[in-house]
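Enquirer: For reference, the chains in residue letters:
Number of protein chains: 2
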Amino acid sequence: MRQSRMFIPTMRETPQDAESLSHRLMLKAGMIKQMASGIYTYLPITKLVLNNIEQIVREEMNAVGGVEIHMPVLHPKELWQESGRWDAYGRELMRIQDRHDRDFALGPTHEEMITALLRDELKSYKKLPLTLFQIQTKFRDELRPRFGLLRGREFIMKDAYSFHSNEASLDETYKDMYNAYSNIFSRVELNYRAVEADSGAIGGSHTHEFMALADIGEDTVVYTDGSNYAANIEKAACPVPEPVETNSSKEIEKVETPGVATCAVLAEHLDITVEETTKTMIMRIGNDYAMILLRGDHELNDIKVKSYFKTDDVDFATDEEIRNLLNATPGSLGPVHTELPVYLDHQVRNMQDYPTGANESGYHFVNVNHERDYEVVDYDDFRFITEGEMAQDDSGPVKFMKGIEVGQVFKLGTKYSESMNLNVLDENGRSVPVLMGCYGVGVSRTLSAIIESHNDDRGIIWPKAVTPFDIHIITANPKDDEGVKIAEDLYESLGKRYRVLYDDRKERAGVKFADSDLIGLPYRVVIGRGAKEGKVEVKARRSEESMDLSIDDVLQYLEVNY
Amino acid sequence: MRQSRMFIPTMRETPQDAESLSHRLMLKAGMIKQMASGIYTYLPITKLVLNNIEQIVREEMNAVGGVEIHMPVLHPKELWQESGRWDAYGRELMRIQDRHDRDFALGPTHEEMITALLRDELKSYKKLPLTLFQIQTKFRDELRPRFGLLRGREFIMKDAYSFHSNEASLDETYKDMYNAYSNIFSRVELNYRAVEADSGAIGGSHTHEFMALADIGEDTVVYTDGSNYAANIEKAACPVPEPVETNSSKEIEKVETPGVATCAVLAEHLDITVEETTKTMIMRIGNDYAMILLRGDHELNDIKVKSYFKTDDVDFATDEEIRNLLNATPGSLGPVHTELPVYLDHQVRNMQDYPTGANESGYHFVNVNHERDYEVVDYDDFRFITEGEMAQDDSGPVKFMKGIEVGQVFKLGTKYSESMNLNVLDENGRSVPVLMGCYGVGVSRTLSAIIESHNDDRGIIWPKAVTPFDIHIITANPKDDEGVKIAEDLYESLGKRYRVLYDDRKERAGVKFADSDLIGLPYRVVIGRGAKEGKVEVKARRSEESMDLSIDDVLQYLEVNY
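Going down the list, the protein sequences come from chains A and B. With the working numbering, letter number 504 in the first sequence gets 582, and the count goes up by one each step, no holes. With the working numbering, letter number 389 in the second sequence gets 467, and the count goes up by one each step, no holes.
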């Protein structure tokens, strides 16, 4: 491809409003153009890379028996009402009316559509298992679109759905998909981890997220060096200490704590450590409320709370709700003398003689002991793990990394087939709900994640598997007819073997080199001053290794080294 | 691909509600599933064929220097206001608000988006010409979606846009695109014609439509056998008779015509032919009105009227408007004694002593002569040509065929660049609006058009260039282990050379053969009773030629014959 006929509007200045490295590099390298918040045009370089990623995804899906289809963007409201998601999805679901005032959603995922598609066509278990996938534009009206393609409102996903008449078959496809995803992210050269993730309060029994490790990542991956254990911090189980017998002889006592509203200040006031304090959280669980006590230095994990109470309808109680419940304000809350059901994080179980709020501003109780001073409904894991605690598999203390979620595999079970009546007759002629799995890859997000981890201070460094072109031919001096002739010949001869971008523009050499670094193709062939002696420079983008070669040797050199 | 793992829900019954052959065949062959009116899921067979068509389109676009991009579905309202199309497009434009109440259109075409994209990046004529294209889902909220994928509300288009600093460059790309389109529709084996089409009242100067000839087509193609002249009937120029001197001696006379409201009845009443009558049409042109006279047997062509008056805001005057203007009703209208400007179709110019309405119910004038009895503003071509009239290029009498519009090439000129300020500096440093062309292929519609012309009473007959698979291997008796073994071996050996669909389902042979005819792959290999003697049947779908071959000869036979 001649660069003069390509459209690669590179930038000299670093765009100030781009918040992530990949976003900045994609803007600078002329890969994307924002048309509205979180909505981008993919320019030619991006489209080429996306095509490559999509092809890899397609191959890996086909390899595990996935069959490609294409479902609509417009989803009838009625289907989303059947699944309950029309109301549950909230404002991230974009909604539109047609000329006859019929409601549609712009699909963010396609569970309803594919379930509706199959329930009319599937009658017998004999047609199962079946795996269908598509690569398609999706919509999610993010409150805060950011980081370029990492969190956009219109983006490309591969979504696959599998259908099974028994658990063993679902397990097998889940495993196949897990392996296919591992292949995909290995092939595009992402440094990734497959992590245990939360499967949500209602749907599904089992899920893994594929996390590309990158500082910009919005997820925290919990892992150890001692094993391949890895989990999303939302899911990572905290160690459960062995319960010890507590037997306090100290009397509970109400003390003045004027102006104390945090555990840190309380600890200072009482001359104890923060670890010796507690914090009391009031949670709204549907129409009810519950009190959860944590150690003062721990953070409540609302995902675990949702999972424990088996509902997504969980939130921190508002100040007003707390006032109505306890006639108290946050910072002075506690479990003594309340009507609310009290739950303790495992870590509080072995504590004794600890302080709690007194539900009265400026006062705390000290020497509080559960079971003695207040009743406990249950003990469980309600918090985020912290770095250095023991991993769930006892493989050592956990470490944290940031990750970008680029894929997820998910056992849906019968969540959609039960609500939407997707049944088949089993071997015994009984009608049974179909088991489902769903499997997503963020295609445009994967592209950003690749750039996040393949770059240097001069630009992008494409992995070969996804690079838009293999070789960048550059005429250092486009007015040098002899050099241009050599470049044209090389463009033709190398073009038979490789995908070549030929910078034939009438620009200064400095501009061309800077653009070439930005665009980041694996090899660059420069026709410069040495051309008179029949020499050109071949340079590898990643290693920066550079060679002066005679023109006739270029092809052979690339064949050996590329 | 094993058919048991594919999803091809064929039907035994012919669907009653499908109005076109391709729609019926796609439903019967398990290719599509309607999710809402005009909105379809493309099932695996369809997706494979679409991928093939898209690849052909991509290759031909690349061959003429087209560079692929991908623009968003969501278009900010502000851009459509700049072009004026937010208001002009009407209810076919689907509109949506995001969570911040900002308005977007779901793109039916991308002129605004690409013009906005380029005006920020293009500064100089040196970057031109440039041709960008995309293959993407489009939206048009049709009042009456019908004929399956031929007129849907969500469909796949290839749209390309070219940019130029001078007419010669636009002309060259237009010609390249015209040729690329000819290649595309030849490669997919459509019987098509490139026809002159109307370029609309405002935008553009020149356009051709590519029409796939098919009875279901909604457009009428005017052509001759004597040349390659072809035009959309909307555009096809009518012959212009040489003006002859008229010199009537008859007096205009008002006659009673009780109950006469059509030209046919009038002709009978006056004992003349319909060709000797005239009809008077009142047209609203913006805020003005005009009277247009045609010969009684001709039909007004509103596209030509729009083109003549250079505005899209043209309509037949309503009965109420006519009453207000003339105090008369349709059926008795005429040009004598009115204030309205009168235009004559060329064909009326040589008429004399003809009848017209008297603008009074139950009365007509006879022996009317223009110029003598009323003034004429202008003579022009305001009607549809009829079969048998001489073609514009004098190549013979025109014939009519029905066509499906599968592509269009269009010189936009400066329509969008002027309204949206896409300018570049020319050779002399002056800022000039960029010349644009746009070029569309209805990808999903092309698929339907292919089926419309490649089928028989048993199903589809795929052209090789787009067929989902090359060969259909069928085990006539899936309980015959020996036959299954042969089939599996052939699946493996033929699979190395061809794309094979292997019907491994546990179905009766009759079901498999019927499905195979419906799906319509070029060759079928049946492992049946002859398998014991090492024989299989190879049958061509189109010619129905069938051969019993020894298993070892199958590959060689296909290599020669496929």
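Hints may be right or wrong, so weigh each one.
List time: in silico BS3-like cross-link candidates among lysine-lysine, alpha-carbon distance up to 30 Å [said to hold, decoys possible]:
#1 K201(B) <-> K574(A)
#2 K563(A) <-> K590(A)
#3 K542(A) <-> K613(B)
Just a sample of chain B residues kept apart from chain A, beta carbon distances all over 10 Å, derived [stated by the list, open to error]:
#4 K111
#5 D198
#6 E566
If you are wondering where the hints come from, they were derived from the structure by calculation, not from laboratory data. Virtual Cβ for every residue (Gly too), placed ideally from N, Cα, C.
Enquirer: Kindly indicate which numbered hints from before are broken by the structure, ordering the numbers from low to high.
Expert: As far as the earlier hints go, 1, 3, 4 and 5 are violated by this structure, in ascending order.
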